[in-house]
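Peer 1: Since the structure of chain W is provided, determine the placement of chain D on it from the hints.
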Amino acid sequence: MFRSHVMICGGTGCTSSGSDKISAVFEAEIAKAGLDQEVKVVRTGCFGLCALGPIVVIYPEGSFYSRVNPDDVPEIVNEHLLKGRPVTRLLYDETVAENTVKSLDETDFYKKQKRIALRNCGVINPENIEEYIAFDGYAALGKVLTEMKPEDVIQTILDSGLRGRGGGGFPTGVKWKLAAGNPSDQKYVCCNADEGDPGAFMDRSVLEGDPHVVIEAMAIAGYAIGATKGYVYVRAEYPIAVHRLQIAINQAREIGLLGKNIFESGFDFDLEIKLGAGAFVCGEETALMTSIEGNRGEPRPRPPFPAVKGLFAKPTILNNVETYANIPQIILKGSEWFSSMGTEKSKGTKVFALGGKIKNTGLVEIPMGTTLREIVEEIGGGIPGGKKFKAAQTGGPSGGCIPASLIDTPIDYDNLIAIGSMMGSGGLIVMDEDTCMVDIAKFFLEFTVDESCGKCTPCRVGTKRLLELLNKITSGNGEMEDLDKIEELAAFVKANSLCGLGQTAPNPILSTMRYFRDEYVEHIVDKKCKAGVCKSLLQYSIDPVKCKGCTLCSRVCPAGAISGTVKNPHTIDTSKCIKCGACMDRCKFGAISKG
Amino acid sequence: MKSLQELAAIRDKMKQTVNTRDTAHDGIRVVVGMATCGIAAGARPVLNAFTEEVARRDLHHVLVTQTGCIGICQYEPVVEIYDRDGTKTTYVKMTPDKVAKVVGDHIVGGTPVTEYTIGSTTK
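Taken in order, these protein sequences are the chains called W and D. Under this note's numbering, the first sequence has 318 at position 318, and the numbering climbs by one with no breaks. Under this note's numbering, the second sequence has 1119 at position 119, and the numbering climbs by one with no breaks.
Just chain W, with the same shape it has in the complex (with noise of 0.2 Å):
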């Protein structure tokens, strides 16, 4: 019997930085105080405010101590664990309010959030399947197998209104019928772990915090479709959630709830967990299926779809991490609980990793329709170093860029495409005024031009042809016709492209050429980035005024442009400047300015 529980963050984030020393620390520390039969150590998956890791949180009273040291331990063994007195220059300053400890709900970063998808995620020890089942765990799957109708199972996934995480958001209870419709010897259920926007991490945070959840939704799809077989598609790179998941298959082996004869129903399932190398284009799913066939991961002609004809030529279904992870409690709960939340379109709740220029990077999880404002000013906590909020980017290389004006979007799927982005898996990366946007739209058709498989002609040759494009504007080349070139191109990429890949490389230059076309105009005309990103169109230059000719820049310079004498002014020599910004950062004066 432990009186008191210590959950230590055991996610990527706080992992990397130092979360297994800490945890080592807390168990020597409190074998010391001899208080190893009353506290027990369990460690968790991610709790969402990456920014403050290493987390603890200490129950009964739910102390949330943020940023620990392994030196910090000591102090928080003898004085909370050991004499009842939170350590509390460590607890999150936001829980702090006057005399008392503020519950971690109360907080900005939690208030506005509901977790459903990652109600477990900081809860439970992943690797415990009895933490799992004890927070109604497996619930769902009994309910469906003991009381429920496959044909019932869908209905209600499809009264819910629930729509593909992943990012397309296409209704999943359509998906499940149309596999169910189609009689065959063998179906397969998939899941998509094959998180791939740069980013984007709560695909691996819902493996790493509570595997389970996808083991028993894909239990639950498979009795839906009729199939017994399930493949989890999840990328090399992501050790520790491949790791985990390997211990909760097992672990749901070993007491028969993956295997024969589940519940005593007659259903039968079970999954394998197949490794991906870290291609982009294994996320779509032709590619996926093709991969896990054992072949190149290259994308395929639809129709036929997977329903029809999927994975071995087998009528499959694909659905993602966080898609699955909705499931069960929505078995528990009923659809209309699920569909009460969110906009008419849009039912439930959304995970995004917010990234970037904000003050709480992390994960958050928030009902449909929270507006773009409330997730960075209120729970990101602003922009950090009092910096204007520029736009933010949305659906990785396949979306597109919010501009300031249009921060108080509900977000949802529909209106995302309407205004020329999309929900992709949920990256949600915030830029400040410092960020070119024409640096940005670059930085993603890099990527693109990276990871296109090269099938077919007009992904493999148009995004690299768009890139060329930008990257002579950008370098201070550009012609105004360059841009209708590209907005011919990206629209012939569109319309052609043989996968999703290919058919929304083209977003990020459009929304960005669609909100910040001035930018753009000014790269080319002006041959200014006022942004300051640029390198080619960058001039440094040396205000005498405030120059006192102290001689640090001329000293420097890597390349020996700046001249002037001891108590003069000094001046760059923009021929010879390579635009390192060495002598800027140097100047005590601030007399060297660029633009």
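FYI, nobody ran anything at the bench for these hints, they're computed from the structure. Fair warning: this is a prediction, and the values are worked out from it, not measured in the lab. A virtual CB, placed ideally from N, CA and C, is assigned to each residue, including glycine. Honestly, I wouldn't trust all of these hints.
Using 30 Å as the maximum straight-line C-alpha spacing, the simulated DSS-like pairs for lysine-lysine come out as follows [said to hold, decoys possible]:
{"hint": "1", "chain 1": "D", "residue 1": "1013", "chain 2": "W", "residue 2": "32"}
{"hint": "2", "chain 1": "W", "residue 1": "333", "chain 2": "D", "residue 2": "1002"}
{"hint": "3", "chain 1": "W", "residue 1": "143", "chain 2": "D", "residue 2": "1093"}
Sample of chain D residues at the chain W side, in silico, Cβ under 8 Å [what the hints assert, rightly or not]:
{"hint": "4", "residue": "1047"}
{"hint": "5", "residue": "1098"}
{"hint": "6", "residue": "1107"}
{"hint": "7", "residue": "1111"}
{"hint": "8", "residue": "1114"}
Every beta carbon over 12 Å from chain D, so not counted as near; a handful from chain W, in silico [unchecked claim]:
{"hint": "9", "residue": "3"}
{"hint": "10", "residue": "17"}
{"hint": "11", "residue": "63"}
{"hint": "12", "residue": "122"}
{"hint": "13", "residue": "125"}
{"hint": "14", "residue": "134"}
{"hint": "15", "residue": "142"}
{"hint": "16", "residue": "143"}
{"hint": "17", "residue": "295"}
{"hint": "18", "residue": "432"}
{"hint": "19", "residue": "439"}
{"hint": "20", "residue": "489"}
{"hint": "21", "residue": "530"}
{"hint": "22", "residue": "538"}
{"hint": "23", "residue": "543"}
Peer 2: Relative to chain W, chain D alone:
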């Protein structure tokens, strides 16, 4: 896994784990003084006895926790129980043997065990 009962059995076994991690307590707080004086006087077995008794009776939302020195070191181990309405009852010179009665009469029954309280000692 053969039946829902089998699943329910695992859930029941793990109930205390769930309760410990639920911070939505409805008001009753059991606070055990665990400063040096309290520990020296034997507060730790008292704290553990409360944890076990609350779990055994499956009392949801009763928070068992510790605090520092309450300031009446001669009466340690001291345990304060805060009821839903904020009323505080201070039990003094507690032992593990007294715990079952306090949980049963006071927390479940709503009647403080006056013979263990500070009021009866100072009279």
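Peer 1: Now, for every hint given, state plainly whether the structure supports it.
Peer 2: Cross-check of the supplied hints:
Restraint check: the Cα-Cα separation between residue 1013/D and residue 32/W comes to about 29 Å, which is no more than 30 Å; the hinted pair holds. Distance hint between residue 333/W and residue 1002/D is fulfilled; the C-alpha atoms sit about 23 Å from each other, no more than 30 Å. Restraint check: the Cα-Cα separation between residue 143/W and residue 1093/D comes to about 50 Å, which exceeds 30 Å; the hinted pair is violated. This hint holds: residue 1047/D has a C-beta 6 Å from the nearest C-beta of chain W, less than the 8 Å allowed.
Of the supplied interface hints, the one on residue 1098/D is violated, with its beta-carbon coming no nearer than about 18 Å to a beta-carbon of chain W, more than 8 Å. Hint on residue 1107/D is violated. Least Cβ distance to chain W is approximately 15 Å, over the 8 Å limit. This hint is violated: residue 1111/D has a C-beta 25 Å from the nearest C-beta of chain W, more than the 8 Å allowed. Taken as an interface hint, residue 1114/D does not check out: its beta carbon lies about 26 Å from the nearest beta carbon of chain W, beyond 8 Å.
Listed as a non-interface residue, residue 3/W fails to keep its Cβ farther than 12 Å from every Cβ of chain D; the least gap is roughly 4 Å. Under the 12 Å C-beta cut-off, the non-interface status given to residue 17/W relative to chain D holds; the minimum distance is some 23 Å. The beta carbon of residue 63/W is not kept farther than 12 Å from every beta carbon of chain D, the shortest such distance being approximately 10 Å. Listed as outside the interface, residue 122/W is inconsistent with that label: its C-beta sits roughly 10 Å from the nearest C-beta of chain D, within the 12 Å cut-off.
Annotated as non-interface, residue 125/W brings its C-beta within 12 Å of a C-beta of chain D; the closest such distance is 9 Å. Remark: the non-interface label on residue 134/W conflicts with the geometry, its nearest Cβ contact in chain D lying 3 Å away (cut-off 12 Å). With a minimum CB-CB distance of about 5 Å to chain D, residue 142/W fails to clear the 12 Å threshold, and the non-interface call is violated. For residue 143/W, the requirement that its beta carbon stay farther than 12 Å from each beta carbon of chain D is not met, with the minimum near 8 Å.
With a least beta-carbon separation of about 36 Å from chain D, residue 295/W lies farther than 12 Å from that chain, consistent with its non-interface assignment. For residue 432/W, the condition that its CB be more than 12 Å from all CB atoms of chain D holds, with the nearest at approximately 35 Å. Separation of residue 439/W from chain D is adequate, the least Cβ-Cβ distance of about 45 Å exceeding the 12 Å criterion. Distance check on residue 489/W: its Cβ is at least 55 Å (rounded) from any Cβ of chain D, clearing the 12 Å threshold; non-interface status holds.
In this structure residue 530/W is separated from chain D by more than 12 Å, as the shortest Cβ-Cβ distance comes to about 48 Å. Taking the minimum C-beta to C-beta distance to chain D, about 52 Å, the non-interface status of residue 538/W holds against the 12 Å cut. The beta carbon of residue 543/W is kept farther than 12 Å from every beta carbon of chain D, the shortest such distance being approximately 57 Å.
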